[in-house]
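Trainee: Here is how the chains run, residue by residue.
2 protein chains.
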Amino acid sequence: MTERIFRYLREQQPETPCLVIDLDMVEHNFRRMRELLPAAHIFYAMKANPAAPILTRLAGLGSRFDTASRGEIEIAMATGVSADRISFGNTIKKERDIAWAYQQGVRLFAFDSEAELQKLARVAPGARVFCRVLVDCGGAEWPLSRKFGCSPEMAKDLLRKAKAQGLDAYGVSFHVGSQQTDLEQWDKALGQISQMFFALVEEGVDVRMVNLGGGFPAQYRAEVRGIEAYCEAVTRALVRHFGNRMPEVIIEPGRSMVGDAGVLQTEVVLISRKSANDRKRWVYLDVGKFGGLAETMDESIKYRLRTPRDGTRTGPVIVAGPTCDSADILYEKTDYRLPLSLKVGDRIDILSTGAYTTTYSSVAFNGFQPLKSVCI
Amino acid sequence: MTERIFRYLREQQPETPCLVIDLDMVEHNFRRMRELLPAAHIFYAMKANPAAPILTRLAGLGSRFDTASRGEIEIAMATGVSADRISFGNTIKKERDIAWAYQQGVRLFAFDSEAELQKLARVAPGARVFCRVLVDCGGAEWPLSRKFGCSPEMAKDLLRKAKAQGLDAYGVSFHVGSQQTDLEQWDKALGQISQMFFALVEEGVDVRMVNLGGGFPAQYRAEVRGIEAYCEAVTRALVRHFGNRMPEVIIEPGRSMVGDAGVLQTEVVLISRKSANDRKRWVYLDVGKFGGLAETMDESIKYRLRTPRDGTRTGPVIVAGPTCDSADILYEKTDYRLPLSLKVGDRIDILSTGAYTTTYSSVAFNGFQPLKSVCI
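Line order of the protein sequences matches chains E and V. Quick note on numbering: the numbering used here labels position 55 of the first sequence as 55, and the sequence is numbered without any gaps. Quick note on numbering: the numbering used here labels position 56 of the second sequence as 56, and the sequence is numbered without any gaps.
Calculated directly from the structure, the hints in this document are not laboratory data. Bear in mind that the values here come from a model prediction, so they are computed numbers and not experimental data. We treat Cβ as the ideally placed atom computed from N, Cα and C, and that holds for glycine. Careful: at least some of the hints might be erroneous.
[Stated by the list, open to error] Partial list, derived from the structure: chain V residues whose beta carbon lies under 7 angstroms from chain E:
(1) A222
(2) G226
(3) K372
[Stated by the list, open to error] In silico negatives: residues of chain V with every beta carbon more than 12 angstroms from chain E:
(4) E11
(5) R64
(6) G71
(7) Q104
(8) A110
(9) S113
(10) D182
(11) E184
(12) S194
(13) Q219
(14) G243
(15) V269
(16) K280
(17) G315
(18) R337
(19) A364
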């Protein structure tokens, strides 16, 4: 499906490293999710890739936008997205940034704590707010911590208070973890969520929205189920736990919207061994952990690599980036193999790199420029 | 010693997050090292902090510069550093970047592999080259991998070849690991180095330089010995292993030159608990792992924190950054305590943040701007 990208790379031979995004595939991914989850409002998680052409394409299709900061709201509005289609989804916000967003017309905010609720009550009166709940999850490839969300008990208390303080206690959100490979996690999470949800409704707190967060995958080395299976699992879980009292549903795809739509082309800078009888070769690329591939941290995300010499005999390699930082190694423990005929100067394609790459890249670590990207 | 910085912060109240560097302290650090190691050529490791005022100040003092890329060489030359004071110290270089540097007049290059040697022989004829050797080390706080260097046996072979191919086989380099706390490591390394060094000399390969790399520390949470102790240990090891056949010596300080000269001021964005009976508070700052504090990866570098409420009762905290990334946590396993009276909006000073911060920061992850810095 990324044939357009490979043709572009063959014809243009851009200076490496370079990320190429296929906007048609982004559009395809959006349309597919809307078809499969017709009742959900899709808020694209901008942090995955905030390139203006992506936002423009998605905005034209009717997408809404999940933003993490004033900076992201500014970018979204600069591409013509109206404030009523923006969610300020970060639970960690400066009060002056909330006030600013409210002045722009943003009326949808996340929170997960008493202090954040007080900020919202002070500077965003009447806004719709949703509380992020900590659910008990496993199975995600990108580490999920307890950084976001609060216990269901605390969430109930906070939503009651939100109502009491003149906010619109709109609903709850959760996140099963990015690149989630276990489809049962949504059922597990929604089971926990629905209990507190209905308890609040019975008390007269008018919660009426469930935000499913993100978590749908891109295609890295491990086989993952298709988007159809994910949407089916989510729909089944919603029906099971909410029945005919279905809430409004929000979903915040990032990785699954743009991940597979990008290919990062890199050049082999050096191939070496550390001693004459070293079993593994070291393959050094012109992009690494600090040039956009931050998700290789602890070898979490395992990208697929394509070389011009695929199909010939391979041998084990350690893959590393170009900086003088000893931590700039992409894969050392994970078993990666590359053709024995691979040469310095060869170009390698790193697949499914459309999400969480460009914006992670450092400003100039070791004097290397940030990752360039082009949307076609 | 950073009183100038604290005065600046009090008087200017810059928008946070903001790194302030005291150039006088950088100068002090340089002068002190020159005094303590009068025979060594100091090559400042630019990657630690390439801010132009730092380079200008150090260049004025006679410093030379260790660079990692064409980009860093350009920055150094733009601040008036002449090419003969520049070392292209990365062992992973594109051949066209070597050729470019050679055209600019750079004549000192690192390498650690056959393929890199061939590049140098082709496009940097006659240049002085040094081979990085893998030495067996422990004790560094920032992880040291096998990414750089080759076995002593291979290094000998490569230096012989360098000579045969018309390069000036100038010497060897090694690195004991950044933020090295065990002073004995230099003795251990130099013992290994001197053997291969004299073996080459006896064969008629005119190696005559030993590059000690970096590794001298900055002052993080754990107490470290002063620069005097480090220089003394290095000098003792050199005398012990090289006696009256002392080679030219190069040292490449980065962290020890600028680390303690910087203070990063940040604002507390949120303080919360995940449930009513949570023992630990979460303290969210407006700077995190992707905004310059990348060295908190795996909680490796443990910065000292200063708050306006120090001296009052403290409690345990988890310290996290402002992004929506669940991995953006600075300290969770490490025991950090902050005043119970700490408030949202308080400013916290993160000490010894002059090295490996600004350039690590991401271009715009989550829409947050890269770390700003000012040199005073």
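Trainee: Tell me the numbers of any earlier hints that the structure contravenes, in ascending order.
Mentor: When the structure is compared with the hints, numbers 1, 2, 3, 6, 8, 9, 15, 16 and 19 turn out to be violated.
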